[in-house]
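> Could you use the hints to bring the two separately framed chains together as a complex?
For reference, the chains in residue letters:
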Amino acid sequence: MILRLVIADGSQSPAVAESVEVSDDGVLTGWRSVSDGGVGWFAGQLPAGELAEIQALVGAVGAPPLDPPPPEAAEEVLELTATGPVAIAGITDGSGDWPSLATASRRLLDRLTDFPRAAVTVCYAAPSVARLVHRGTDPVRVGLGAVAVRATAWRGYYEPAGDWSGVVAGPAEVEARPGWTYDIAVGPEADGLGVDDDVIVHLAADFAILSGSARVPVRAKYTPAIAPPDALR
Amino acid sequence: MQASAQPLIEDGRYGPLTEAAVRTFQASVGVPVTGVLDAGTKARLDAAFAALPPPVRAVLTLGSTGADVGFAQQKLNALGCNPRLIINAVFDASMMVAVIKFEVGTMGRFPTGTVDAAMWTALDTAVKGGFVAPEGASATPVEQNTPSGTANSLGTQVAGTSLHPVVGVGGLTQGPGVRELQQKLNKAGASPALADDGVFGPLTQAALQAFQSGRVPPLPATGTADKATWDALDAVAPGSTAGAVERQWTEVVGGATYGMTGANAARYSWEIQKTRMVVTAKVNFVGLPPPGAWFGHVQSVWNQYQGVETASKKSMPIDFQMVRGAGGDAKTVQVLAGSGRANAGKWYAADPNAAYTVPHEFGHLIGLQDEYQLHPGDFVRATGHEPPVGDAAGPAVAPATIAANLQAAMLARNSVNARAASVGAGVGEGAFAQRVVQEYAKLATATVPAVAAVPGPPPVPAKPAVPLTGELLFDLNAALPNDNDRYDTIQAFSYSSGSIMGDPGRENDPHDHGAQSRHIAEFMAILGRALGGTWEAKRR
Numbered sequence: 001m002i003l004r005l006v007i008a009d010g011s012q013s014p015a016v017a018e019s020v021e022v023s024d025d026g027v028l029t030g031w032r033s034v035s036d037g038g039v040g041w042f043a044g045q046l047p048a049g050e051l052a053e054i055q056a057l058v059g060a061v062g063a064p065p066l067d068p069p070p071p072e073a074a075e076e077v078l079e080l081t082a083t084g085p086v087a088i089a090g091i092t093d094g095s096g097d098w099p100s101l102a103t104a105s106r107r108l109l110d111r112l113t114d115f116p117r118a119a120v121t122v123c124y125a126a127p128s129v130a131r132l133v134h135r136g137t138d139p140v141r142v143g144l145g146a147v148a149v150r151a152t153a154w155r156g157y158y159e160p161a162g163d164w165s166g167v168v169a170g171p172a173e174v175e176a177r178p179g180w181t182y183d184i185a186v187g188p189e190a191d192g193l194g195v196d197d198d199v200i201v202h203l204a205a206d207f208a209i210l211s212g213s214a215r216v217p218v219r220a221k222y223t224p225a226i227a228p229p230d231a232l233r
Numbered sequence: 234m235q236a237s238a239q240p241l242i243e244d245g246r247y248g249p250l251t252e253a254a255v256r257t258f259q260a261s262v263g264v265p266v267t268g269v270l271d272a273g274t275k276a277r278l279d280a281a282f283a284a285l286p287p288p289v290r291a292v293l294t295l296g297s298t299g300a301d302v303g304f305a306q307q308k309l310n311a312l313g314c315n316p317r318l319i320i321n322a323v324f325d326a327s328m329m330v331a332v333i334k335f336e337v338g339t340m341g342r343f344p345t346g347t348v349d350a351a352m353w354t355a356l357d358t359a360v361k362g363g364f365v366a367p368e369g370a371s372a373t374p375v376e377q378n379t380p381s382g383t384a385n386s387l388g389t390q391v392a393g394t395s396l397h398p399v400v401g402v403g404g405l406t407q408g409p410g411v412r413e414l415q416q417k418l419n420k421a422g423a424s425p426a427l428a429d430d431g432v433f434g435p436l437t438q439a440a441l442q443a444f445q446s447g448r449v450p451p452l453p454a455t456g457t458a459d460k461a462t463w464d465a466l467d468a469v470a471p472g473s474t475a476g477a478v479e480r481q482w483t484e485v486v487g488g489a490t491y492g493m494t495g496a497n498a499a500r501y502s503w504e505i506q507k508t509r510m511v512v513t514a515k516v517n518f519v520g521l522p523p524p525g526a527w528f529g530h531v532q533s534v535w536n537q538y539q540g541v542e543t544a545s546k547k548s549m550p551i552d553f554q555m556v557r558g559a560g561g562d563a564k565t566v567q568v569l570a571g572s573g574r575a576n577a578g579k580w581y582a583a584d585p586n587a588a589y590t591v592p593h594e595f596g597h598l599i600g601l602q603d604e605y606q607l608h609p610g611d612f613v614r615a616t617g618h619e620p621p622v623g624d625a626a627g628p629a630v631a632p633a634t635i636a637a638n639l640q641a642a643m644l645a646r647n648s649v650n651a652r653a654a655s656v657g658a659g660v661g662e663g664a665f666a667q668r669v670v671q672e673y674a675k676l677a678t679a680t681v682p683a684v685a686a687v688p689g690p691p692p693v694p695a696k697p698a699v700p701l702t703g704e705l706l707f708d709l710n711a712a713l714p715n716d717n718d719r720y721d722t723i724q725a726f727s728y729s730s731g732s733i734m735g736d737p738g739r740e741n742d743p744h745d746h747g748a749q750s751r752h753i754a755e756f757m758a759i760l761g762r763a764l765g766g767t768w769e770a771k772r773r
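So the sequences go chain by chain: A and B. Every letter in the first sequence is one number past the one before it in the numbering used here, and letter 86, counting from 1, is 86. To convert, take the position in the second sequence, counting from 1, and add 233; that gives the numbering used here.
Calculated directly from the structure, the hints in this document are not laboratory data. Here the structure is a predicted model, which is why all the values come from computation and not from measurement. Ideal Cβ placement from N, Cα and C applies to all residues, glycine included. Hints may contain errors.
What the hints assert, rightly or not - Pair ranges (Cβ atoms, derived): (1) A:ALA231 <-> B:ALA428: 28 to 38 Å; (2) A:GLU159 <-> B:GLU243: 25 to 35 Å; (3) A:SER95 <-> B:ALA326: 51 to 61 Å; (4) B:ARG772 <-> A:ALA231: 31 to 41 Å; (5) A:SER95 <-> B:PRO471: 32 to 42 Å; (6) A:GLU159 <-> B:PRO550: 24 to 34 Å; (7) A:THR83 <-> B:ASP464: 35 to 45 Å; (8) A:THR83 <-> B:GLY703: 27 to 37 Å; (9) A:SER13 <-> B:GLY403: 45 to 55 Å; (10) A:SER13 <-> B:GLN377: 26 to 36 Å; (11) A:SER13 <-> B:GLY296: 38 to 48 Å; (12) A:SER13 <-> B:PRO367: 28 to 38 Å.
Just chain B, same shape as in the assembly (with noise of 0.2 Å):
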């Protein structure tokens, strides 16, 4: 309702600029000025709201461009459209078929090829989003997201790895993933019953033996729940009220792969109790002590949810928490003297960024990757946005050039000539950039020779030779010295959100703030097969 100075940050907090904006728009309607949303307020807000024009669509054919195209490709992708179409704000042939396609199967209509009138409105009701709005009285334009349908935030697992610790003879023997098991082993039938105390004792070890041998075919009656046993326990009895998560996951970011695996795995735990669930990240620091603030950084940032049940609208809130410790439950976390750029293994004491990056870190601790320079595949399900459709116009010059451009930089590996021929030139992140992605794809691939190290300075290691694959972000990567350019040039070809596990430095996006519903989902999912029902994350 453009009340505030500036758009307000969706942040579920109500502070002085919430407050501010409430009296402004109260002011503007003529009711009392209070500065508190009362019943009043609410519906004059709601009813302004919904009196909003919606947005002006131009009519799409084949050819068109622009970042109507745009928002036309992002609502066919959320409604199914499959193979996903890239949001590169061009109507070819391949959105022909997606048109088409919509236009028989949903609108029952003889096909046009065709985004007219009709179809906005279709595309629009079914999805919302996929437009450019004035916010705040500075009207500034903000590109409303498109959901694209359920998120998921969590890195990758990597395959044939289980998300359950070992327990049991040489893993755990004590705490939530043992209480995990045995309330698995007496829903599974153990007799006497255990007693769900977290201790891996005789009766425990002898319970597990003995679901172990009575499975068909048998698995070995080990006395320790590895993968196999614990896929058996999950087959038979899904939930609990307690459990540990250990979480070997990657992530794909600005081309690169990252991830904790092995030893360095994300190690969590959770526990239902009867007003609340409590996720905690255990974590051994070593090095330093940990300053005190980190914990309330965490609690600050990340306890904004609660679980709702959609039906008997029960709730729950999710409190989280970091707490020290060490054990095969514990995650190592090394923290150095000074400041420096933190990463999921190694913090620092001094960090004056503390209150962004130790909640950032955290989420990786449970398993959360990150939401910057990601691939448009990745962005959609990590995030569960479409891609922005962003600069959709782009410079003067041909994506094809510029994509030529960028390869022979790569050959060269200099990074100043990619930012130059990219973002020197008027790239930006966007429909525009990623049509320049499908321009590099095309071009005959090359391969960049091998590179002694540079003494510099900036000195630059010795890098072996580099195929290049044709995908720019692999390429650019690979290719490319670690340096600003080059981090400058894959941030405009990629997709980065403003949330807690974003680069909100990089992207002001106000409605995708600080920590998300969609962080969450997972324990949504364990509430569920514990309680019964569908559970959301909603804001307290």
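This is chain A alone, in the form it adopts within the complex (with noise of 0.2 Å):
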């Protein structure tokens, strides 16, 4: 193993429990609990160019820093083979050894949605339509038994145009094979979803994946990026 970061954070519900983990040969597993990717299983092969990166900054780390992680922060557990584990949630993305190798730990949470294994994510197929989405190869148990859904419009650069939230019933167990989808009524068009052109909408759906006996509560999320008129660049 290169190193493995591990974010959790139990202040919010479902709770962010997430982790990525490179090995020495460039494999890059992880799990997803809160995600706009996708939440579930990953597991893919980096690139050499990216993979050295990583070897990189790892061998060029010092003694990491003491700064309290910034109110509100979740727990972020970086482990090095020399280190052993470190808590990094008090760095701040930027320039330096720390800096650096906390950056780009970070943004491999994000690269590992690139290779699904067994996931699941969410997006916004129709108005008024969630529609749940098989990703990866392999075979995912979900449970479906009472999904909450919020929506959100925006108009304009996040401007707020609409907010709709309630709780679906669906299957209390089913298994998402390549291929599965399963779509959720949301929100009438009076909440404004989805009913003018200049109308983005995100979605947020809680639901669980089932592992083994464990129920892990999760949160797959639709949040297509809206650009920034050029007064605001």
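Set out below in structure tokens:
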């Protein structure tokens, strides 16, 4: 193992509990619990260039800084062979040995979602329809007995244009495989969800992934970017 | 007066719910129903409020338990009991000492060791609050806060740091911090007097060097206003009409230490104008640009108060603003795409709760600490309230048993068991939970062994061995995985307010909602130093 980053935050529900690990040969594995790119298991191979970059950053770190994390920060533990577990929530992105490594490690969590293995994501498939979609090659068991959905509509550059939330009952357990989708009706059109061309809808769908006997609450998110106007750049 | 369906939120706004309650009250007392709080209605309201029966108090003696014991403990604390009593709703030996001291010292009577009707009258006269009142037509029981005295809602300043940014060579060379320096140098006798222009030029530098070399003993004439120079200047000239603050601060929340230190310190400035005071947090937004609505959220929540000088009644609205900018007087905030839980340095462009999140984080930018999951002492200091009595009775399980079960869960690093032993057993925030805290402190200490990372799901990071300290919140935080069960467990044994700096999602306190006057106390002190007099924050 070259590094392992675990981020945990039980102050929100579902809790953030995510991990990414890079092995010596560049295999990238991990789990996402609250994510735009899907929730579940991920695995892939880092290109040689990216692996070399990570190796160089890991090899360059000295003694870790001791700044406290900012208020409301999640727990972030970075484990390196040389240092053991190091709390890095107080290290902001930036230049320098630990800030650079912290930045790169956090990006690996996003990079992870490029390699879905057994994951589920959500998208806004049509007006007032949230669609859960399987990602990856392996099946994943999901619990949809009570799917909590929040849909937020934006106009312009993140100007609130509508908000809807509700709980939708579905099957208690279903095995999602490649090609699997599941549609959920969200919000009346009166809430502004997708009626106007200039409205963009974001989604958050809370459900559970079943792993053995464990039932892990997760949140799949759909948050397409909204380009800022030139005046704000 | 139970004139509204639900308890009204004290947010300082005369909205439709308040108007409807006024109408209900007017109808109930037979005055014209206008929805307007006119003089006649106000007089009837004041009279009806004054006619409310006082709370029925129980006579308390050694061994008494229950909510009234907790309320008496609150009041004894508020009246200066030292050491402070733990609000555990148990009349124990330490409370007996406090009661006797109060009887002899304040009431001037031979000690009885009893909180009787006379003592209750004395306590209730001296300190308001400390009872449960049914509010709204729904008769929702609301514990009335017991004020503890002066609140300090700011985070704990890091020892040895200055509240002034470095100004001059190597530091800030323009802006309110320079204006503050120029004004103070002038008051310290700068000759010729400096223009108060906020630009650090040769004249300012020369005056600064002259001030430094003129001290006894002299300070190094560096031409840079560092901590030692600012300390000397503040002693000579405490007040100014503009200034900049760089606050290095920490807080303990849920047993963990957080802070804004070093390059991440809170930075803000203020300016006293002719008719208002403006407090500005300059933010260097990196990543995505900030949505425009965020700036309005700050003003909507924070621009509620004015400073009022107690003698002259002169008033000065306090306007807060967040502006974009860069430089040494700006705090960097990363704006990320999508949504997530923000922290003081990382905000999300698509945060659907930005109307709450941004004003909360703005509070941190001006040095305010969180008001959730606090130790009792921190809660008293930050909120100016005694810790609420809350759940005084608890479940039918001995506190010592719960404490032992919690320790066993910690030794196993099992947050599910910790929650089951506490929240799951019926423990909620308040006096009974503090009895568990006391019992936990009596347990023999132990060390939680190191644990390797668990891949999960959910994944858990590797943790070093943890020696348990006997301090429950610290130990829960250190020993258990950071998940919902741990958070819920810590919530039960700590205190939270419902204010903008607290946790309004979990703490529904209609009396402590949104921005509170305590949050802007610092600026009242600044007004006093600059303009003289004593200033109080009042709703506009």
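> Take the hints in turn and mark each one as holding or not.
Results for each hint:
1. Hint check: A:ALA231 to B:ALA428, Cβ distance near 35 Å, so the stated range 28 to 38 Å holds.
2. Between A:GLU159 and B:GLU243 the C-beta distance comes to about 30 Å, which sits within the given range of 25 to 35 Å.
3. Between A:SER95 and B:ALA326 the Cβ separation comes to about 59 Å, which falls inside the hinted range of 51 to 61 Å.
4. Remark: the range hint 31 to 41 Å for B:ARG772 to A:ALA231 is upheld by a beta-carbon distance near 36 Å.
5. Checked against the given bound of 32 to 42 Å, the beta carbons of A:SER95 and B:PRO471, roughly 40 Å apart, stay inside it.
6. In this structure the supplied range 24 to 34 Å holds for A:GLU159 paired with B:PRO550, their Cβ-Cβ distance being about 28 Å.
7. The hint said 35 to 45 Å for the Cβ distance between A:THR83 and B:ASP464, and at roughly 39 Å that hint holds.
8. At about 30 Å, the beta-carbon gap between A:THR83 and B:GLY703 stays in the expected band of 27 to 37 Å.
9. Distance hint check for A:SER13 and B:GLY403: the Cβ-Cβ separation is about 47 Å, which falls inside the suggested range of 45 to 55 Å.
10. The supplied range of 26 to 36 Å is met by A:SER13 and B:GLN377, whose beta-carbon atoms lie about 30 Å from each other.
11. Between A:SER13 and B:GLY296 the beta carbon distance is about 41 Å. The supplied range of 38 to 48 Å therefore holds.
12. Evaluation of the 28 to 38 Å hint for A:SER13 and B:PRO367 yields a pass: the beta carbon distance comes to about 31 Å.
Checked against the numbered hints above, the structure breaks none of them.
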